[in-house]
Amino acid sequence: MRSADVKSGDRDLEFGRLARAILDKWGVGSQACNNGVLFLVSFEDRYMYIATGKGAAERLTNSRIDSIVGSTRKLLRQKDDDKAILFAVQSIAESLSKEPTWVDSLWQFASNLFFFAIVGGGFLFTGMLMVQSWKKSRRVKDVRGKLKKIQDERDKSRDVPNFSSPSCPICLEDFTEEPQVERLKKQSLRCGHTFHSGCIEDWLRTSARQTCPICQQ
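Residue numbers are given in the UniProt record's numbering: position 194 of the sequence shown equals residue 194, and the series is strictly consecutive.
Rather than coming from a laboratory, the hints here were simulated on the basis of the structure.
Computed from a predicted structure; not experimentally measured.
Careful, some of the hints might be misleading.
Simulated DEER-style distance windows between Cβ atoms [stated by the list, open to error]:
1) C191 - K136: 36 to 44 Å
2) E14 - D66: 48 to 56 Å
3) S137 - E201: 31 to 39 Å
4) R139 - D66: 44 to 52 Å
Don't be surprised by glycine CBs; every beta carbon is placed ideally from N, CA and C.
Turn these sequences into a full structure, and let the hints guide you.
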């Protein structure tokens, strides 16, 4: 083709799409083997793209394509179009007739590994964000639940005479019948509110006012 009407920043994407579309529509190569190769070049733009089917990609690897495109582009810049096309076609045919070298295989493997690393890293990063968001949401929910529990017990203690809370209003842990630890034993203040022994002792020791944390008496 003489010219491709695409923006400079979109050439890779547009040439790739066009080459793939032509390769698929024309049915280049054997459809059963999917070994077609299409060489698309725009003379005025001095730009080209080599599209391959999966069956041809094993021999016409990315490293070989980059080498062919680089050398062909130099000839196009020298205005030697015929020589450039002949070189590209011969190089493609030569590559397809050769077995891939260990360098080509390594390059192909590295390219695939890089792609999967990007994709895998993206999924991993997204997963980490989701886990962090879930943990944060759970912490907020737990805090809100504890605050509501404190407020409910505080309201009941004011409205119901001799109200006995099932849990310590400070740590919010339930009272046990036979606590194994001294700090978990019940201790009631003169106002009637009951706490874990360790919790209320810490409260009274660190609080500026020696009053009940529930009723402030």
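> Failing hints, ascending?
Replying inline: Hint 2 alone not satisfied by this model.
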